[in-house]
Amino acid sequence: MFSFQPDRSQYPDIGPDGKFEIDLETGKFLKLWQGPNHPGITGNMSVELTVNGDEVVEGKTHVGYLHRGFEKLMERRTFIQVFPIVCRVCVPEPDFNEYCYAAAVEELAGIETPEKAKWIRALILEMGRFNSYMMSIGGIGGALGNGIVGQWLTYVRDLMLDRFEELTGARIYHMFILPGGVRAGLPEGFEGRMEEVLATAERYLDDTEKLLFTNAVFKKRTKGVGYIDPALFESYGVTGPNARAGGVAKDVRKDSPYLVYDQLDFDVPVEHDSDIWARATVRYRDLRVTIDLLRQILAKMPKTGEVMTSLPNVLHWKIPRGETYIKGESSRGEYGYYLVTDGSGYPRRVNVRGPSYTHAMALLEHLIPGTNIADVAALMVSLHTYPPEIER
Amino acid sequence: MKDIDKSFKKDTETDFPLREEMRPRKVTTPDGQVIDIDPLQDYFCQEPPKVHRKSYSAIVEGFYNWARANSLWILGFGTGCGAIEMRPLMTPRFDAYRYGIQWRPTPRQSNLLVISGYLSVKTLKRAIRAYEQMPQPKYVVGLGSCTINGGMYWDSYNTIKKLDEYLPVDLYIAGCMPRPEALLAGLMDLKKLIRKGEAEGANRYAENFDWYKANQKSVIKDWDMPDYSW
Amino acid sequence: MRELIEHLTPRYSLGAPVFQRPGLTFVDVKRDKLRALLLDLRDKHGFTHLVLLTAVDWLEEGRFQLTYLLNNRAADQTLGLRLYLDRANPMGDTIHDIWPTAATYQRELREMFGIAFPGSPRVDEEFILEGWTDMPPYRRDFDTLAYSQQTFVERGGRETHEPRATMKHKLYPEG
Amino acid sequence: MKAEALSKMTNVEEVLETVAEFDREAHSFYTDLIPKVSKDIRYIVEELARAELEHIIKLRGLLASPNMRAHLKDAILRPVADRRFSDAIQAPELGDAPDDQEVLQYALAREQTAIEQYSELAANTPPGPMHEVFSYLANEESKHKSDLEALYYQIVHSGGV
Amino acid sequence: MGSLRDVLSPFTAWKHVIETPVTLKNPIGREAADRYRGFHQNDTEKCIGCGSCETICQNAAIDMVPVDDPKEGDSGLRPQIDYGRCCWCALCVDVCMTGSLTMSNEYTWVDTDPDAFRFIPGVDEKPWDAIAKGYQRPGERMLSGLTRPEMMEMEPEARIDNFDEIVAGYSREQAVLEADRCVECGLCVATCPVHMDIPDYIAAIREGDYDLGTQILYETNPFSEVCGRVCTHKCETVCAAQYEGEPIAIRWLKRHIIDNVSEERRLEIVGTPQVLPTGRKVAIVGAGPAGLTTAYDLARQGHAVTVYEAQDHAGGMMRYGIPEYRLPYDALDRDIAVIRAQGVEIKTGVRIGSDITLAQLKADNDAVVLGIGLHMGRSTRVPGSDAPGVEAAIDLLRRITAGEEVPVPKKVAVIGGGNVAMDIARSMARLQKQKYGAVGVTVTALEDFAHFLADKEEVTESIEEGIEILDARGPQEMVTFKSGKRKGEVKGLRTWKVISIFDDQGRFAPQYDEADEIVHEAEMVVEAIGQMADVSLLGDELTEALQWNRGRIAVDADGHTSEPWLWAGGDSVHGPDVIHAVADGHKLAASVSAMLAAKAEVAK
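Chains as they are written, first to last, in numbering that gives the first Met the number 0: chain F, 0 to 391; chain V, 0 to 229; chain H, 0 to 174; chain L, 0 to 160; chain S, 0 to 603.
Simulated from the structure, these hints should not be mistaken for lab results.
Where a beta carbon is used, it is the ideal one built from N, C-alpha and C, also for glycine.
Treat the hints with care, since some could be wrong.
In silico DSS-like cross-links for lysine-lysine, where the CA-CA straight-line distance does not exceed 27 Å [stated by the list, open to error]:
1. Lys195/V to Lys125/S
2. Lys496/S to Lys410/S
3. Lys233/S to Lys167/H
4. Lys132/S to Lys302/F
5. Lys169/H to Lys233/S
6. Lys302/F to Lys18/F
7. Lys361/S to Lys38/L
8. Lys30/F to Lys25/V
9. Lys57/L to Lys72/L
10. Lys169/H to Lys132/S
11. Lys24/S to Lys191/V
What the simulated footprint calls covered on chain F by chain H, stretch by stretch (three residues with Cβ under 8 Å from a Cβ of chain H suffice, anywhere in the stretch; the number is not a length) [what the hints assert, rightly or not]:
12. 57-69
13. 134-140
14. 249-255
15. 318-325
16. 357-365
Across the chosen pairs, the derived CB separations fall in these ranges [stated by the list, open to error]:
17. Asp128/S to Leu52/L: 33 to 43 Å
18. Asp123/H to Phe189/F: 52 to 62 Å
19. Glu20/V to Lys27/F: 20 to 30 Å
20. Ile33/L to Lys481/S: 32 to 42 Å
21. Lys29/H to Ala213/V: 20 to 30 Å
In isolation and in its complexed conformation, chain F is listed as follows:
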């Protein structure tokens, strides 16, 4: 048809390293802030873009809009008082914080988790993953002009929130995984109602596949865009679906099984193109795996048994000096808690290792130069980052 050759005579100079010499005084560059109020659905972070025409030549991630100083707040709370605040670290998928913190405390305090509690924990974590993927895929659709997918999947997510509510007693911040177990067992008839949600989800996912993944526009906008060289994965700390989209089957559930994942039968989906399409597809496929896992967990879970061990008096609970790191596979990658105790009733230090920390900062800044402005939002969304876990 026709080809378009840009006229580069008006373009700024390119330095010896092949990069633009950015000088705002030349008038050839423009600063453009994305965020903090609405960069796709990634939450409150902003990217300071320097653009030249449609091309972004530099991007700097700015975070801290959601900084509450959790790691500091935890240091002045007793071990049980930390429990309600950890889930706030990550809003869309709070349960990993609860699990990692509880498991870290249990390890350092020498507490055994009852078998059934492990199953319920796994159930909750997978329910959380379900929700998180629903948001993510909906978000990718939304960022690429297909808001209806976001509408559908948010509705499905809401159905899962209803299940969360009847199981844990809350919609978003469940505060259900206490050190020592979980607060309660499954309510009567839970399995049946869960199955309804999963069936509905599958129906909507079939539609999503038709609307989004079999869509010429979507393909055009995502294939080959936002490529991450798998060679960078280790140096930029890329984990989870972002790595799996590049052919690396990194998954803590398989690599280092925790809870009951060694008793579950599942494969980790892997894609190889490492672009936005691959990242979206790998999430979509993993979501299907999650639905299968939810069914498996409910079927294999022991029907009886304790869900909570009795704790020492939590009002003056002291844990001997020690340190540990507990990790799990969240929907964004490796989620971990590094807990240091000093023998007092308070944690010495808690460090939350959120996967978004590496994905949204160094990696995103590395990926942005050279992209089209219109693709920045898609790129950000495809990395699936949650700012609150970056700045905590």
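With chain F fixed as given, assemble chains V, H, L and S onto it according to the hints.
Frame of chain F, contents of chains V, H, L and S only:
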């Protein structure tokens, strides 16, 4: 809960010098003038907003209020965790659009700012800016414990505790975080307030502008934002 | 893991290892040996993944602990390297050239603990905080509640009573 | 002797008057006893005297009341059971300086005698006002006795440490 | 890229046009799940105001505010919750000691006034008060232990033939476990007659700081050895832990502290009086808990104190009333040694009234304090109660302690259901076991087990030791031999069954079943129904001069009698109880000391 360290005094530590960009210095402007700047002291946007007068006719005012109440346009700026419960309202299940509520991407098109939970100092600065950019009449709803009395971040060094010190709040909704249903109930209550002409937060802000600004300045350092027209 | 530690200990004069659980080990390391050890671990022993880099403030002992957490995925082993820095003049060595992502961690440590990492990209730029004029907040001697009370206004009208003191006051004031 | 005098009477007022007279005698007996006992246990005797006085006042009130019979009937509708707790407690001779337990034992024995006498009178009287008044009196004494038993339990059976 | 399928497939989404909408008709007020953690409810009747909810709240959302006047075991405070802080984590519900705090599943609260979001659940009326659904604790509380560690005790077979102490005391591990259960609400402090700083010394155990623990004990109680063993532990009856699970074993924890501090160390910690002698003299009659506590306090203030004791050893009822297996004499001696170390002179074997008159004491001293015990046993005075072979429990116990020979028949019947009855029954059982190798003791109590006066563990242990306990038996007669060589001597006890002992109002109103009559065969009948003080030492004149209150010496709130030079306290004034006697001792000392100080002022 660990005891408070009574001996701690803020800003008395001298071992940690200010960052370069926050120190007072001389700057040459593009037109060649040399001016002194002190980033911690210089504030912009000091121009106070104007009080939005009521219409002379009660009937007309009543009509305006009816119209305002039925078109709540919310700024799509989720300042804290509570934002996640706003999203279901935008979807078919809760469908807030049928009540005349919708979300807008820019403050210039919005008349309702929902402070969805805690505000870090950094976000407060943006929230104030967003609020000031919104055209009158405009309303603020505080969502959840954090906006009322600090919530779970009551001892955080980086979040404000009382939203009404910094922005005029018309309505609060309890919860951590409030469910979409509660949020919707709050918005319905706000509609009633507007119809009665009682949601006068924006005028309060204009009337007590100096007080609000003083409070804002007491927590926000480094206010490097340009002036703008109201 | 034990073999690896035994193998590395003489060369890098490591401290006594702590085998926290199968798959997680902590060991002390000296600052001058750190870089070589990290490269060795990354290139020869499969510890290619920098899980996290963070600090612990041991105020009473006058030192910061830097924890470099490395992971070998194939062997399912995590190794925590603990490096102690003098708290009075904390200075770390940047490893952003080994793991570019470390630059972010170092920027955070610079801001939140006041630990300097000369040479790390953008390390002195503001990261999370904005207009911060006090001591780095993650230091143990920074009291967040005291700071909060001195900075922000709380809603008044609250008063609490201690059961024991109340009962003494009402039931046996003289006793 | 009491019973004998009372059994001959045919008038309710007369009976009540006489009983009040008996109580007055009892009252003066206890009043006389007060200085004889040690000061620490005087309160018991004082209480006994006061109880008699209250009884007199009650009888006087009954006499003055226009619907006396209704009161009587009402009272005997709720018969007070004899608990028989003090049956085994011996009636002592009150010496010059009786102790607290002796005083109580004596008082209990007095009440016991009174109950028996009034009950017997009631049993021997055909239904009617006279039967009612004797039943009433037996009832009153039972009440008094159970009060005394409670006091006795409290003072003597403190249960130990 | 871009097959026809990729173009057409998205159009299938149009099929949703004909689907039923998923929109909720009226989302506002949609009912939340049964377990939903909504707004708080508090059953204020059940709540004891212990403040655990406030302690655990990491948001400082809860204030304890006065709603009622405090009473024993209830601070009168109730939680006020600030919804400007709350995060609905329900830790307050989980930690609640009584289970009074719950959450409804109501969640909508909108207000224009930010100060409105503070309320006292259960007091301030709210629309959700009556909602039954919502978050309740699934079972008993799990954030602190429910049961005590089991106390190591000697097995019945091992203890029944000797007077060795039965209870071993907690080990360090057990004590820490038990101390850990305490929530430090401090409700017990008001109930303890001497207001010991119970939560503080329990905290000292957790920290392993026994020196501090001892110091705290001695601040309020010089009889920790004694109270750590035989205290009536009123504190445990108001313990917040009792509502679900067992109350904290406060008594055993006290003993644990003192067990872990040597006598020498104890003397170092307590020290000796740090003031100059005042030159004032105080005489104390009776070396029991009240007298010795008074002596301890006064001596530490520099006064010269002399204690007069009629028996051969100090200790009073603690020595002569409590058997050795419950309170070993050397434990008591260790407590008394600390008191002696304060310079208190204890003159034993001196009986006031016969050896020295009270008038003499009055003349020689600035003040006199009466701290006499209840050393005279009450008799049932049923027929035969004056027969040979009928004994008073308290008398027997004294003789056993003093080492006197007591008759030990094969069959003994005891009348009484209190701790003294148990003490004498178990003492006689031990003597029988030593002499005959078998136990033959029957205890008959007027009260039924539901109203028993003795401690539960006493009853259990007695039964373990082979003692027969018959509840609800009213003594009717001591059956005696009517003829023969032993004519007039006791051969048994006749009792009736008590059907009920108290009426609906809890008034004493016994009912008997005369048909159920038993004659308990016994060569000795011990009466253990009650005791009284021997006030003959006062003499007629003083008896007459003093004010009395229902058989006891009348004292004011400070223990001052109607005579300006005389104070009285302890069992004879306030009934039998060691810890009350100690409390009296402190009060007496404070009052005497104030009087002496006033005197000194006048002298200046």
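Evaluated hints:
1. This hinted pair checks out: lysine 195/V and lysine 125/S have alpha carbons roughly 26 Å apart, not beyond 27 Å.
2. Taking the CA atoms of lysine 496/S and lysine 410/S, the gap is about 21 Å. The hint holds against a cut of 27 Å.
3. For the hint pairing lysine 233/S with lysine 167/H, the CA-to-CA distance comes to about 17 Å; that is within 27 Å, so the pair holds.
4. Using a Cα cut-off of 27 Å, the hinted pair lysine 132/S and lysine 302/F holds, with the two alpha carbons roughly 25 Å apart.
5. At most 27 Å may separate the alpha-carbon atoms for a hinted pair to count; lysine 169/H and lysine 233/S meet this at roughly 19 Å.
6. For the proposed pair lysine 302/F and lysine 18/F, the alpha carbon gap of about 62 Å is over 27 Å, so the pair is violated.
7. Note on lysine 361/S and lysine 38/L: the hinted pairing holds, with a Cα-Cα distance of about 21 Å set against a maximum of 27 Å.
8. For a cut-off of 27 Å, the pair hint linking lysine 30/F to lysine 25/V stands: about 24 Å separates their Cα positions.
9. Annotation: proposed proximity of lysine 57/L to lysine 72/L holds, straight-line Cα distance about 15 Å (limit 27 Å).
10. Simply put, lysine 169/H and lysine 132/S have alpha-carbon atoms about 37 Å apart, too far for the 27 Å limit, and the pair is violated.
11. Only pairs whose Cα atoms come within 27 Å are accepted, and lysine 24/S paired with lysine 191/V is accepted, the gap being roughly 20 Å.
12. A stretch counts as covered by a chain when three or more of its residues have a beta carbon under 8 Å from one of that chain; for the segment 57-69 of chain F and chain H the count is 4, and the coverage holds.
13. Under a criterion of three residues with beta carbons nearer than 8 Å to beta carbons of chain H, the stated coverage of the segment 134-140 of chain F fails, only 0 such residues being counted.
14. By the rule of at least three residues with a Cβ nearer than 8 Å to a Cβ of chain H, the coverage given for the segment 249-255 of chain F holds, with 3 such residues.
15. Coverage of the segment 318-325 of chain F by chain H holds in this model, with 4 residues showing a Cβ closer than 8 Å to a Cβ of that chain against a need of three.
16. Against chain H, the segment 357-365 of chain F contributes 5 residues with a C-beta closer than 8 Å to a partner C-beta. That satisfies the three-residue criterion, and the hint holds.
17. Range check, aspartate 128/S to leucine 52/L: about 53 Å between beta-carbon atoms, so the 33 to 43 Å window is missed.
18. The supplied range of 52 to 62 Å is met by aspartate 123/H and phenylalanine 189/F, whose beta-carbon atoms lie about 53 Å from each other.
19. The supplied range of 20 to 30 Å is met by glutamate 20/V and lysine 27/F, whose beta-carbon atoms lie about 25 Å from each other.
20. A hinted range of 32 to 42 Å holds for the C-beta pair isoleucine 33/L and lysine 481/S, which are about 41 Å apart.
21. Checked against the hint of 20 to 30 Å, the C-beta distance between lysine 29/H and alanine 213/V comes to roughly 52 Å, which is inconsistent with it.
Against the hints set out earlier in the document, violations occur for numbers 6, 10, 13, 17, 21.
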